[in-house]
Amino acid sequence: MTWNMKRTKGCAAVIAAGLLWAISPATAESQNASAPEAATWKSLKSDVFGSRPIEQGEGIVRIEAPKRAEDAAVVPVDMHFKTDSKTGRIKTVTLIVDENPAPVAAVFTFGQNAGVTHLATRLRVNAYSYVRAIAETEDDKLHMTEVFVKASGGCSAPAMKNQDEAMASLGKMKLRVFPSKAPGLEPLTRATEMQLMIRHPNNSGLQMDQLTRYYIPAHFIQGLTVSQGNQLILSMQGGISISEDPNFRFAFDARTGEELKAEALDTEGKKFQDEWPLESSSL
Amino acid sequence: MAGPSRRTFLGTGLLLAGCCMPHARFASAEPAGTEALPVKEIAKGIFAFTGAPEMMSTANEGEICNIGFIIGNEGVAAIDSGGSAAEGRRLVAAIRAKTDKPIRYLINTHMHPDHIFGNSAFEGTGAVIVGHHNLRRALANRGDYYLQSYRAILGPELMSSIRIIPPAITVAGEQELDLGNRKVMLRAWKPAHTDNDLSVFDQQTRILFTGDLCFTQHIPTIDGSLLGWIRQLKDLREIHAELAVPGHGTVPAPWPQALDDESRYFDALARDIRMALADGRSMTDANRTAAQSERDKWHLFNQYNERNATAAYAELEWE
Chain U
11 MTWNMKRTKG CAAVIAAGLL WAISPATAES QNASAPEAAT WKSLKSDVFG SRPIEQGEGI
71 VRIEAPKRAE DAAVVPVDMH FKTDSKTGRI KTVTLIVDEN PAPVAAVFTF GQNAGVTHLA
131 TRLRVNAYSY VRAIAETEDD KLHMTEVFVK ASGGCSAPAM KNQDEAMASL GKMKLRVFPS
191 KAPGLEPLTR ATEMQLMIRH PNNSGLQMDQ LTRYYIPAHF IQGLTVSQGN QLILSMQGGI
251 SISEDPNFRF AFDARTGEEL KAEALDTEGK KFQDEWPLES SSL
Chain S
56 MAGPSRRTFL GTGLLLAGCC MPHARFASAE PAGTEALPVK EIAKGIFAFT GAPEMMSTAN
116 EGEICNIGFI IGNEGVAAID SGGSAAEGRR LVAAIRAKTD KPIRYLINTH MHPDHIFGNS
176 AFEGTGAVIV GHHNLRRALA NRGDYYLQSY RAILGPELMS SIRIIPPAIT VAGEQELDLG
236 NRKVMLRAWK PAHTDNDLSV FDQQTRILFT GDLCFTQHIP TIDGSLLGWI RQLKDLREIH
296 AELAVPGHGT VPAPWPQALD DESRYFDALA RDIRMALADG RSMTDANRTA AQSERDKWHL
356 FNQYNERNAT AAYAELEWE
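As you go down the protein sequences, you meet chains U and S in turn.
Quick note on the working numbering: the first sequence kicks off at 11 and runs consecutively.
Quick note on the working numbering: the second sequence kicks off at 56 and runs consecutively.
These are calculated hints, taken from the structure and not from any lab test.
Predicted, not measured: the structure shown is a model, and the values here were computed from it.
Virtual Cβ for every residue (Gly too), placed ideally from N, Cα, C.
Derived pair list, reagent style BS3-like, types lysine-lysine, alpha-carbon separation capped at 27 Å:
1. U:Lys77 / S:Lys352
2. U:Lys184 / S:Lys245
3. S:Lys245 / U:Lys182
Some, not all, of what chain U presents toward chain S, calculated at C-beta under 7 Å:
4. Glu80
5. Asp81
6. Val84
7. Pro86
8. Lys171
9. Asn172
10. Gln173
11. Phe188
12. Met218
13. Asp219
14. Leu221
Isolated chain U, as found in the complex (with noise of 0.2 Å):
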């Protein structure tokens, strides 16, 4: 039933189509085929995407993620990106998992001068579900990769395993910055990893309280923006099938000497922002 929501206005249904789900609840059963099940895909894709063809994306993106998922709240997705001159820079990667409520799990859009050439998040899986990734090029193509994951209940799955800690820390930020595999390259052609963190329930409202029958308000990161200096690095406008404290681990081409800034929105309004100083050391 509530399936229709889900392909009503696609990218901009993120956020609603969670509430909505919310409010009516459907149970998991259904969604539990074991078999890959493309027909969703099939009417999810006109949703998103309208009539624009979609080719297959071998070669320009790469998406990864475990067969089998251990635990469904959090299923790390690995995403490469290549391109070449034909097709220019990869401008947007829409990140969807069919079977989750909320399928568009986040838009993500690269700066002009970034060069993400890698990215990796968590996502919720609610069900036996394709993961794709769809990334659109300068030339207005898009390229899809899929991967299926076998996993359930990250949707539902309340994954604050320690409340007090994650309400005490909300919207504290972390970056990772690490070392470079291949020391020497031409700073041109360095990209640069880092990993940015931030502590936030993201959570889904997908829950029922037993006690009181009422469902745990969805509370989450909506949007991000992590910049260097005054450049975008990426955006991403994102849903409840991030995971429990949204992590992005991004590889792109980093300057020596200028800061790097996130700043994050929830959807209660909090702002959330922080910075760190890059020494030309730790790149």
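Position chain S against the provided structure of chain U, taking the given hints into account.
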């Protein structure tokens, strides 16, 4: 007219009574609901059932964790109700087979289904449910999910009588329960196995029910805080207990040696994840190799180790 009709009525009534009574008895015994759980007396007036080292299933009716009860002069405290209402009923039957004293308390050691799905079996016994001060919130957040996700695991028949029933009395810090010439100490812990772990200590016999703060044989599962658990192992060791009933594993187990195996597992897991983090390895990559030295030392290692590693990675990367 009145005569035959009345005779017929009476006759039918007798017939109904005659055929219904055995039927009714049969119906109330469904499904194996009143056969007493096999419990053993581990100290005077303290009984415990040993759960199977398995995942919950229709076949084992959710009877996978260790549960038990303590009999005082004036009443009984049950410790956890098991993984289905059927198991809960079997626990009540086991209590009734040992004593006719009232069941005063049902203590829930934490939120997990294998420990609390039997709560509904205690309705009507007069037992008051006691739990950690975070237990209500935890059940409010997860109860619905537990009921939905366990439908496929336990099957509709077992699920039909399972309900999420929160504690009426909650404990912060320590609280003593008096069962009549028998004092039982409850202790609420900081996040470890979950954020609502409660232990039960019988002062007279020095028997400790650890809930899932202690696992032996069955791999520990982390749904609270690995670091919190490691930190509190020291406090757990200091409990002046003789024997313990761990949440899973051998009953009874010598104390505090019962903590040695999980302590070693936690150290291996934390060490491997920290090394992976220091090397900049991804979660997926780290999870595959973490704590592999522990593989042959536990039941259900394959079912839980990677999930534990995921939790450990997500916690330790904030260090």
